[in-house]
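> Sequential numbering of the first sequence, starting at 1, is according to this note's numbering.
Calculated directly from the structure, the hints in this document are not laboratory data.
Please note that the accuracy of each hint is not assured.
[What the hints assert, rightly or not] Pairs of lysine to any residue, SDA-like flavour, derived with a Cα cap of 20 Å:
| # | residue 1 | residue 2 |
| --- | --- | --- |
| 1 | LYS147 | HIS68 |
| 2 | LYS147 | LYS100 |
| 3 | LYS147 | PRO79 |
| 4 | LYS316 | MET21 |
| 5 | LYS104 | LYS236 |
| 6 | LYS236 | GLU213 |
| 7 | LYS128 | HIS68 |
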Amino acid sequence: MTQAFSELNLAEPLQRAVAEMGYTALTPIQAQAIPVVLQGRDVMGAAQTGTGKTAAFSLPLLQRLLRHANTSTSPARHPVRALVLLPTRELADQVAQQIKLYAKHTPLRSAVVFGGMDMKPQVEELRKGVEILVATPGRLLDHIEAKTVVLNQVEYVVLDEADRMLDIGFLPDLQRILSYLPKQRTTLLFSATFSPEIKRLAASYLQDPVVIEVARPNTTASTVEQRFFRVEDEDKRTALKALLREHGVQQAFVFVNSKLGCARLARALERDGLAVTALHGDKSQDERLKALEAFKQGQVQLLVCTDVAARGLDIKDVPAVFNVDIPFNAEDYVHRIGRTGRAGASGLAFSFVTGRDARQVAEIEKLIGRKVEVEPLELPDERRARPARGNDGQRLWRSGEAAAVDPAHDAPSAAARAPRARPARAPAVAADPLLDRPYQPSLPPDVKPDWEAAAKPAAPKGLSAYIRPKRKVAALLRFADPPSAEGSPKASA
DNA sequence: AAAAAAC
1 MTQAFSELNL AEPLQRAVAE MGYTALTPIQ AQAIPVVLQG RDVMGAAQTG
51 TGKTAAFSLP LLQRLLRHAN TSTSPARHPV RALVLLPTRE LADQVAQQIK
101 LYAKHTPLRS AVVFGGMDMK PQVEELRKGV EILVATPGRL LDHIEAKTVV
151 LNQVEYVVLD EADRMLDIGF LPDLQRILSY LPKQRTTLLF SATFSPEIKR
201 LAASYLQDPV VIEVARPNTT ASTVEQRFFR VEDEDKRTAL KALLREHGVQ
251 QAFVFVNSKL GCARLARALE RDGLAVTALH GDKSQDERLK ALEAFKQGQV
301 QLLVCTDVAA RGLDIKDVPA VFNVDIPFNA EDYVHRIGRT GRAGASGLAF
351 SFVTGRDARQ VAEIEKLIGR KVEVEPLELP DERRARPARG NDGQRLWRSG
401 EAAAVDPAHD APSAAARAPR ARPARAPAVA ADPLLDRPYQ PSLPPDVKPD
451 WEAAAKPAAP KGLSAYIRPK RKVAALLRFA DPPSAEGSPK ASA
């Protein structure tokens, strides 16, 4: 039985905002989490992607804050009382916008801070006083150190995409931030994926938490059709275009594993005449926000992206996700394909599997609890149309192919030898600093790569695999031996 | 193996 927002006894300004946004029925995670957050309990919440986790924590949070809301205009009367942390800038932006809408009719103020943007406007907004601060970790630490924000009155902390926030790359920053907060506080963790190790770690940050799991965690929406195709690297772009055509895909997220690969694929597709934009961490923040906006507005068909776009981004009606590269972590697979099939819609999730990907596919199978069948893919014969690539994207024709184009002549015809006019529809592509830079050999010319060392078996998986920079060690020690862990440490055994 | 997050 689905419950309605109107049954929640939310304050009138919140009810009104929700109604204006057109929400009526509660999703399962909302129905379960909202009452618990309203009680002020700590929560660890796991629910499938695209089921409204943001509303599940924001609405009850705002309701709690409203109990002592201050209508005075004095900044001192508006300390930061709730902190929402996210792993990417775009996600922080999105969640902040959503919270602003929910809080629209209340006196509560919110702000968002993330990197890649001017400090000044952020400082200005913080100075006026905000109850709810949405942030990415790095920039928040900047503000803390610049003393442009004070967090000693924080009552609520939300870690959205919590498993990512607790992973090794974020943990040191996260712990430093948490060290500035009052010990007495409510902590809320939400994600679609929680590995057992992260779950244990997460528990050490929570006090007597209520654990909410709607459906089995780590699962994908049943409305998303997942297929895996055997495709070798050199055929990936052809395969992508063929599948787009075959399934009449209007719009899609196209995920790759590296920033360079992202820039390259985007440019190649652009040269093929497709409406494409790229989103990755080496772009300026301005470019990142513009790329996302163009995709949202439907001005481009494809968003070629790295895992910066894997989590949380809520864009309505994107019918397909392509994993041109299989993600390194099975968790990221679940998040990536969660960009489609949102709010009960249907979606396609197509992944390209090369010979190297067997292990990753096995891990995905294990995580989603389903056998994966890798299908062969019939590729259109594009040999005649596929030019060899010159060093600056110039189209050159292999002599064999040129002959095939013009079989009446023994030698390539004058037309085949002449430089081809670029087809009218192929747009001039913008310069990309990631691609258009002087060639830099990765090793000095006199240094030979040490293949033997490179081929040595990987270090056994465990904490040691993660320990690199010294500054992370302190954080890792806590990771290894969380304060609330039961039982005695192994060392004493 | 990569990406993300601060200048």
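> Straight-line Cα separation of LYS236 and GLU213 no greater than 20 Å?
At roughly 37 Å apart (the allowed maximum being 20 Å), GLU213 and LYS236 break the hint.
> Take the C-alpha atoms of LYS147 and PRO79, compute the straight-line distance between them, and say whether it is at most 20 Å.
OK: LYS147 and PRO79 at ~13 Å, within 20 Å.
> Is LYS147 close enough to HIS68, meaning Cα to Cα at most 20 Å?
Distance of about 25 Å is beyond 20 Å: violated.
> Is LYS104 within 20 Å of LYS236, Cα to Cα?
It is violated: about 46 Å lies between the C-alpha atoms, which goes past 20 Å.
> Do the alpha carbons of LYS316 and MET21 lie within 20 Å of each other, as the hint requires?
holds (14 Å)
> For LYS128 and HIS68, compute the direct alpha-carbon distance and say whether it is at most 20 Å.
holds (18 Å)
> Between LYS147 and LYS100, does the CA-CA distance stay at or below 20 Å?
violated (24 Å)
Comparing the model with each earlier hint shows violations of hints 1, 2, 5 and 6; every other hint is respected.
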